[in-house]
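Chains as they are written, first to last, in my numbering: chain U, 1 to 338; chain Z, 1 to 338; chain P, 1 to 338.
Heads up, some of the hints might be wrong.
Which copy is meant is left open, because identical chains are indistinguishable; a pair holds if it fits in one copy or across any two.
Said to hold, decoys possible - Dumping the calculated SDA-like pairs for lysine to any residue here, alpha-carbon to alpha-carbon at most 20 Å:
1. Lys45 <-> Ile74
2. Lys124 <-> Glu101
3. Lys48 <-> Thr70
4. Lys34 <-> Val22
5. Lys334 <-> Ala65
6. Lys262 <-> Asn125
7. Lys327 <-> Asn226
8. Lys262 <-> Ser277
9. Lys48 <-> His275
10. Lys292 <-> His309
11. Lys192 <-> Ser61
12. Lys130 <-> Asn204
13. Lys124 <-> Asn100
14. Lys45 <-> Ile276
15. Lys98 <-> Ile133
16. Lys112 <-> Asn97
17. Lys334 <-> Asp323
18. Lys48 <-> Lys327
19. Lys45 <-> Gly298
Keep in mind the hints are simulated off the structure, nothing from the lab.
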Amino acid sequence: MNFTLSQIADLIDAELIGDGEVRIDGINALDSAKTGQISYLANSKYQKTLCNSQASAVILSSSHADSCPTNALIVSNPYHAFALVSHLFKQYNTAPNKSNEFSSIDSSAKVKGAIISSGCFVGKNVTIGKNSIIGPNCVIEDNVVIGDNAHFFANVVVHRGCQLGESCVISSGVVIGSEGFGNARCEDMSWKTIAHMGKVVIGNDVTIGANTTIDRGTIADTEIHNGVRLDNLIHIAHNVIIGENTAIAAKTGIAGSAVLGKRCMIGGMVGIVGHISIADDVVVNATSTVDKSVTRPGIYTGFFPLMTHKSWQKVGVWLIKLDKIAKILKIKLKDINK
Amino acid sequence: MNFTLSQIADLIDAELIGDGEVRIDGINALDSAKTGQISYLANSKYQKTLCNSQASAVILSSSHADSCPTNALIVSNPYHAFALVSHLFKQYNTAPNKSNEFSSIDSSAKVKGAIISSGCFVGKNVTIGKNSIIGPNCVIEDNVVIGDNAHFFANVVVHRGCQLGESCVISSGVVIGSEGFGNARCEDMSWKTIAHMGKVVIGNDVTIGANTTIDRGTIADTEIHNGVRLDNLIHIAHNVIIGENTAIAAKTGIAGSAVLGKRCMIGGMVGIVGHISIADDVVVNATSTVDKSVTRPGIYTGFFPLMTHKSWQKVGVWLIKLDKIAKILKIKLKDINK
Amino acid sequence: MNFTLSQIADLIDAELIGDGEVRIDGINALDSAKTGQISYLANSKYQKTLCNSQASAVILSSSHADSCPTNALIVSNPYHAFALVSHLFKQYNTAPNKSNEFSSIDSSAKVKGAIISSGCFVGKNVTIGKNSIIGPNCVIEDNVVIGDNAHFFANVVVHRGCQLGESCVISSGVVIGSEGFGNARCEDMSWKTIAHMGKVVIGNDVTIGANTTIDRGTIADTEIHNGVRLDNLIHIAHNVIIGENTAIAAKTGIAGSAVLGKRCMIGGMVGIVGHISIADDVVVNATSTVDKSVTRPGIYTGFFPLMTHKSWQKVGVWLIKLDKIAKILKIKLKDINK
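Here chain U stands alone, though its shape is the one from the complex (with noise of 0.2 Å):
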């Protein structure tokens, strides 16, 4: 698999100050680019790098094109650009060893143009879009919808009738349409499992990181909306929505009803408390809860900050009493909100 530098500068739109002809087989850091392959400064601090990089060709922007030692192409968005040069030498695993071997593929199933791999449990009434790739050991129960061009690594589970646009992909151990966790206490204290009749709704250019949940709606849908980002190990809950090209890092949970706009950037480990909201253009930074809604754009934060150990222990004594502190020096909040 190779591409000339021309062509390369055509799918990204860039400026070729070079040779055109040179051959490109691989991509790399500037730093480890051997002769044959592209490479991309997309930060300033590995400005050094550049100078010694062996690549054969630089993708960056005009204020570093002075100094780039070999051919370049110079962008706006460095990055971007490396990002669709990246899927020229991407090596997914696609092909099953043999289509549909030992996989349960319901009659009713309408998969004509998607490639099903091995073990793969298909139920009625399925829809699979064409180009769409289902990796081994998936489960697809009945009246699922996937749109066209999707990608499904391995064990992936959509329970019954969930829907996913087009383009979508899906990393191994995904979950989605698990029931909520939603119960009613009876009058023993014992739970009583209420069953979900609400499906996940997925939109177009969604990517869904490994063993993330999903949760089915109680009564109305999940909705994830189009071009939303999911880490792995993620737990989305019962009714949440997630707004258009919001991205989220690995590990966080969201609780059941909340709704968060479009763009917004949830760093990972971050935990969202059910039933509030939060507005477009929200930054979270990781391990942060929120535990209400935030209305405003910005960037929040709220974790303890790491201390030794012994540290801790000593800032936390005098923690735990700052009320107490703030009556013995006669502070009043009135004093301080003034």
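Keeping the supplied structure of chain U fixed, place chains Z and P upon it in accordance with the hints.
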């Protein structure tokens, strides 16, 4: 699937006001319900939507009966009644395309009366009770015992010798009986893994959410008692014991040998350290850390409040110096505690 | 399965005091052990249970030898000796019902000498070493290399090209080599996924807990070095490097390009941000956030202490005003730091 309102009234032991012959074919929220659907009012803040609801019947408490514009079912706990009714309309995807297709079931397994879907592995001397349903691609290792009326979704793994009572609902991707995280340090600072000989023993009417993991005990067993509710992506370590009817929300982690009481409610993403105990009827709010035993019932919290990142930086500077501030101010702990 | 006490003494290099011919058929805690079982005393706080133990032999250090009521095996590290002995009685469920039943194994795979259970997918040019056991429903994609003596439980996925050394133990539901969470923002605020070309490279004697996910590198590889111990539901992002013999407890998340040293012990549910490094021999307590590099060995902590919810509300009011309180009190940072 439809029922007369009288049939539903009988199921939930309700007082029926109106027409018992009206046919109900679904359940919906007050503001979305259409003719033929039943709804419920469990929270007074939704009372406004009651007046204009198009539902053919509403489950509610006697205090709201006067405001009901349609047929009413009067009960003392409408949310619990809704839970009961939801099961009339539930649509679990229970039927395999063809029973036992591509499933490897050892001839010594006792699975008569259970339904086993495709792609499953069932080992030696396994017992699965009657009316139990094992979804696609589940792995049930040697000597496992599963009671009657179990519902396993897809890709569940139960390791050797573990035991589940009756009527358990196990979501997709759950792993029961994985090895505990026990390692002894060697002189050269490498680790020697401890082989775990305990089991996981699970009571009746337990539900476990998607991709949750429960480790087996080191020597004694890990125990999940009757009526426990576990949400998605929870980790239960070796030798943990969880008391009856305790409910735990998603992403919580419980370290080795912790013992939780009965009827506790543990929020999402709570961290519970090992070798501690939590009393009956304790509530822990989401994202808290439980680093010591909790001996009294009550509501507990411990997470850093969310702020704008700028405020967090300003506050943090002082937080990590609290002990030194106390020193400057000449405040002593004994002044506070008196 | 049983052994003479002399055989066990040889295995753990112990001084035997008592009858070497007694037969041992199991291992148990001091207070539960019965005739024929061996126990151990690794923590002085359990010394009381030693006197009344019914065990036929006890592993302990010389300092407790005098109190031992039965045959004794004296060693310097009883917990480590227990770990060794536990493997005599381990009961991994290794045998498939029938080898290769319903498994799709490409003819180019080199798997001679390995045992592959039912329902597996093994892609092109895969190598699996001798005496390795692959449990049911595992998916091993093209070009993966797995060393000798590996033990894979069920439903493990290893994506294209990843490499594991010898004697690795991989728990059920683990995903190795999923795509990293790399996305470039486009002008219209949508995301372009970066195709990941790196692998995951795992050393010898690594154990990985259930449902843990390890992403492949963007260009360079994600690396897990020899002897690392990973618990359940951990997330390791793209290009992370974890040094030899580091142990990480359940539910911890490590963001992209973080580098951890050797012999670290990271508690459960710790969040480690990206692009930082942690020195050798660092201990981080559970549920802490590591938001900057840790350059010195030591014990570190950072979580909010648990309180009653009422206290937490009172303390929180003052916590979020700490900078303003300092201002009112006219305390300056330079006063504190001197």
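Status of the hints after comparison with the structure:
Taking the closest pair of Cα atoms, Lys45 and Ile74 come within 20 Å of each other only inside a single copy of the chain (18 Å); across copies the shortest separation is 58 Å, beyond that limit. Taking the closest pair of Cα atoms, Lys124 and Glu101 come within 20 Å of each other both inside a single copy (18 Å) and across two copies (15 Å). With identical chains, the CA atoms of Lys48 and Thr70 are at most 20 Å apart within one copy only, with a shortest distance of 14 Å there and 70 Å across copies. In this assembly of identical chains, the alpha carbons of Lys34 and Val22 lie at most 20 Å apart only when taken from the same copy (13 Å versus 66 Å across copies).
Taking the shortest Cα distances, Lys334 and Ala65 never come within 20 Å of each other, neither inside one copy (57 Å) nor across copies (45 Å). Neither within a single protomer nor between protomers do Lys262 and Asn125 lie at most 20 Å apart by alpha-carbon distance, with minima of 33 Å and 44 Å respectively. Taking the closest pair of Cα atoms, Lys327 and Asn226 never come within 20 Å of each other, the shortest separation being 52 Å inside a single copy and 47 Å across copies. With identical chains, the CA atoms of Lys262 and Ser277 are at most 20 Å apart within one copy only, with a shortest distance of 11 Å there and 33 Å across copies.
Taking the shortest alpha-carbon separations for Lys48 and His275, only the inter-copy value of 18 Å comes in at or below 20 Å, while the best intra-copy value is 49 Å. In this assembly of identical chains, Lys292 and His309 lie within 20 Å of each other by CA distance solely across copies; the values are 16 Å between and 30 Å within a copy. For the identical chains of this complex, Lys192 and Ser61 are inter-copy neighbours only, at 18 Å across copies versus 60 Å inside a copy, given an alpha-carbon limit of 20 Å. In this assembly of identical chains, Lys130 and Asn204 lie within 20 Å of each other by CA distance solely inside one copy; the values are 14 Å within and 42 Å between copies.
Both within a single protomer and between protomers do Lys124 and Asn100 lie at most 20 Å apart by alpha-carbon distance, with minima of 16 Å and 17 Å respectively. With identical chains, the CA atoms of Lys45 and Ile276 are at most 20 Å apart between copies only, with a shortest distance of 15 Å across copies and 39 Å within one. For the identical chains of this complex, Lys98 and Ile133 are intra-copy neighbours only, at 13 Å inside a copy versus 23 Å across copies, given an alpha-carbon limit of 20 Å. In the homo-oligomer, the alpha carbons of Lys112 and Asn97 lie at most 20 Å apart both inside one protomer (18 Å) and across protomers (18 Å), since each shortest distance falls under that limit.
Taking the shortest alpha-carbon separations for Lys334 and Asp323, both the intra-copy value of 14 Å and the inter-copy value of 15 Å come in at or below 20 Å. In this homomeric assembly, Lys48 and Lys327 never come within 20 Å of each other (Cα to Cα): the closest approach is 56 Å inside a single copy and 43 Å across copies. For the identical chains of this complex, Lys45 and Gly298 are neighbours neither inside a copy (26 Å) nor across copies (31 Å), given an alpha-carbon limit of 20 Å.
This entry does not satisfy hints 5, 6, 7, 18 and 19, going by the numbered hints stated previously.
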